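Residues per chain, in single letters:
Protein chains: 2
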Amino acid sequence: MSVLTVGTVAFDDIETPFGRVEKVIGGACTYISWAASYFVNDIRLTSIIGSDFPKEEIIALEKRGVKMDGLKIIEDGLTFFWAGKYHDNMNKRDTLVTDLNVLDDFDPELPDSYKDSKYIMLGNLTPDIQIRVIEQLTNPKLIVLDTMNFWMDIAMDRLKLAISQIDVLTINDEEARQLSGEYSLVKASEKIIAMGPKYLIIKKGEHGALLMSKDKMFYVPALPLSEVKDPTGAGDSFAGGLIGYLAKTDDISFENIKRAVVYGSTMASFCVEEFSLGKLKKLNPQIIEDRIKRFVEITSFSL
Amino acid sequence: MSVLTVGTVAFDDIETPFGRVEKVIGGACTYISWAASYFVNDIRLTSIIGSDFPKEEIIALEKRGVKMDGLKIIEDGLTFFWAGKYHDNMNKRDTLVTDLNVLDDFDPELPDSYKDSKYIMLGNLTPDIQIRVIEQLTNPKLIVLDTMNFWMDIAMDRLKLAISQIDVLTINDEEARQLSGEYSLVKASEKIIAMGPKYLIIKKGEHGALLMSKDKMFYVPALPLSEVKDPTGAGDSFAGGLIGYLAKTDDISFENIKRAVVYGSTMASFCVEEFSLGKLKKLNPQIIEDRIKRFVEITSFSL
Numbered sequence: 001m002s003v004l005t006v007g008t009v010a011f012d013d014i015e016t017p018f019g020r021v022e023k024v025i026g027g028a029c030t031y032i033s034w035a036a037s038y039f040v041n042d043i044r045l046t047s048i049i050g051s052d053f054p055k056e057e058i059i060a061l062e063k064r065g066v067k068m069d070g071l072k073i074i075e076d077g078l079t080f081f082w083a084g085k086y087h088d089n090m091n092k093r094d095t096l097v098t099d100l101n102v103l104d105d106f107d108p109e110l111p112d113s114y115k116d117s118k119y120i121m122l123g124n125l126t127p128d129i130q131i132r133v134i135e136q137l138t139n140p141k142l143i144v145l146d147t148m149n150f151w152m153d154i155a156m157d158r159l160k161l162a163i164s165q166i167d168v169l170t171i172n173d174e175e176a177r178q179l180s181g182e183y184s185l186v187k188a189s190e191k192i193i194a195m196g197p198k199y200l201i202i203k204k205g206e207h208g209a210l211l212m213s214k215d216k217m218f219y220v221p222a223l224p225l226s227e228v229k230d231p232t233g234a235g236d237s238f239a240g241g242l243i244g245y246l247a248k249t250d251d252i253s254f255e256n257i258k259r260a261v262v263y264g265s266t267m268a269s270f271c272v273e274e275f276s277l278g279k280l281k282k283l284n285p286q287i288i289e290d291r292i293k294r295f296v297e298i299t300s301f302s303l
Numbered sequence: 001m002s003v004l005t006v007g008t009v010a011f012d013d014i015e016t017p018f019g020r021v022e023k024v025i026g027g028a029c030t031y032i033s034w035a036a037s038y039f040v041n042d043i044r045l046t047s048i049i050g051s052d053f054p055k056e057e058i059i060a061l062e063k064r065g066v067k068m069d070g071l072k073i074i075e076d077g078l079t080f081f082w083a084g085k086y087h088d089n090m091n092k093r094d095t096l097v098t099d100l101n102v103l104d105d106f107d108p109e110l111p112d113s114y115k116d117s118k119y120i121m122l123g124n125l126t127p128d129i130q131i132r133v134i135e136q137l138t139n140p141k142l143i144v145l146d147t148m149n150f151w152m153d154i155a156m157d158r159l160k161l162a163i164s165q166i167d168v169l170t171i172n173d174e175e176a177r178q179l180s181g182e183y184s185l186v187k188a189s190e191k192i193i194a195m196g197p198k199y200l201i202i203k204k205g206e207h208g209a210l211l212m213s214k215d216k217m218f219y220v221p222a223l224p225l226s227e228v229k230d231p232t233g234a235g236d237s238f239a240g241g242l243i244g245y246l247a248k249t250d251d252i253s254f255e256n257i258k259r260a261v262v263y264g265s266t267m268a269s270f271c272v273e274e275f276s277l278g279k280l281k282k283l284n285p286q287i288i289e290d291r292i293k294r295f296v297e298i299t300s301f302s303l
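Chain order of the listed sequences is A and B. Under my numbering, the residues of the first sequence are numbered 1 to 303, in order. Under my numbering, the residues of the second sequence are numbered 1 to 303, in order.
It is worth saying that the hints were derived from the structure and are not from the lab. Quick caveat: nothing in here was measured; it's all calculated off a predicted structure. Incorrect hints may appear among the rest.
Just so you know, same-sequence chains aren't split out, so a pair can sit in one copy or run between any two.
Said to hold, decoys possible - DSS-like, lysine-lysine: derived pairs with alpha carbons at most 25 angstroms apart:
no.	residue 1	residue 2
1	Lys214	Lys85
2	Lys293	Lys258
3	Lys293	Lys216
4	Lys141	Lys198
5	Lys216	Lys72
6	Lys216	Lys258
7	Lys214	Lys282
8	Lys279	Lys63
9	Lys115	Lys23
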């Protein structure tokens, strides 16, 4: 089935305890599309870049089945730029620079060829842009929305309007607490699901991910890794694996969303092992299945 | 099989966002013994208290199969007292008061009837006391040791000597990093297992627990709960469930230690739902098995 991805395509400067890279490829839509490309080959990218963005990166994505009809290229414009530095424990980071550049004018008008997309992954952006995309969809089967505390701080009403129109919300534990006003993730989940989405996925970084529905929950750990070099894009790689697996299997039952969460966690576990898209670009189905087996191993027990 | 528990028996003042209690019953050995008592009825408590400690609390434990030959009562002495206040997120706490009182003179000489104990749970205490207990054991089958960063700060050499003589070490993630000097829990685990223990259990509080051996790992989440009122004693309840289940089943294979970690997590999940021993005192096998099933539910998936 088709996947629509919406979000940033960016340049990043990243510093972690393991190194520093400059002007590498980043952006939510980039990570989502790369991760999803291991599952489906009808991915419809929706974003905006400047003419400074390297053509070969576009071509590499196109070779993986990612369509570019929805990618707006602004002549003489500059691509969105983000610079961040991770703390020693890599669970926290400081944003050093955010240059919106061409993103400032992003008004995603979907090409006609995108409007019938079935599986929708709305990367973190202003709630207004997310709503604008939702309004143009003719027959979506599942809409997943990612967001962050920043929009809760400055645009809570618009965010809640967006959330009321989706099926799955992905946020981290602190954001779930902020959005709901509840400390307990069980209570937070109840309140958030009452806002509209059928499912809530709480991303807990190195601690894993929690999937909640009205009456069920599922927890998958993050795979403990020998080396974590760069957490940038982990959440988006998770989202890409999730939406890609769901589109491939075309089954939105709780049982299948559980599997999708495991596939999402798997893609995130690859993402963090190298800077930028380093690892995500060189996977194959066998490598992914081998890692899925490791998730099975570390979570299985019999009574 | 027999369980030997060693650790503090205490009075606690506890403040959490959900309330404040004064001079309630606490102490590692108390929580360990209560939790273990749901699995075995030959528990050998080793601790020290003052004559101010309520007799009925001793009697309640005796009724659960906890032997008191190793409990030293100091006439006119005062029982160890701890006061703590939890931060809003309950993952952090400040210690407000630590009155060692009779604990200052604790030199655990095991009664002859204790020396052949099979399953040993050494609660958090000075490494010297833990070593002194190990030296008196005649034929232990499994020694589990709990400790904390405080001893890493002031008595690292003695702690490493203790760790070299045990089978299972239980610490939290920050302590695993401090003890090993490695940030990655996979690398930290390799270094710690090289110090002596066959197994390392990394307790991650609300994020669950990680069991590591030389070549295997297992992760169990903490059960997401509607209400967490008081985290005090959660780690010790985990330890009590762990050692109790292992003594009951008398099987120290990796597969069985996995199950013991799930039982430990289950006992911890009860502990935090009420202040002090409130919930731990009123369990029964059916309540425990029902909760174990919830752990199975939230962690199971099929590919």
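Those earlier numbered hints the structure runs against, lowest number first: 1, 5, 7 and 9
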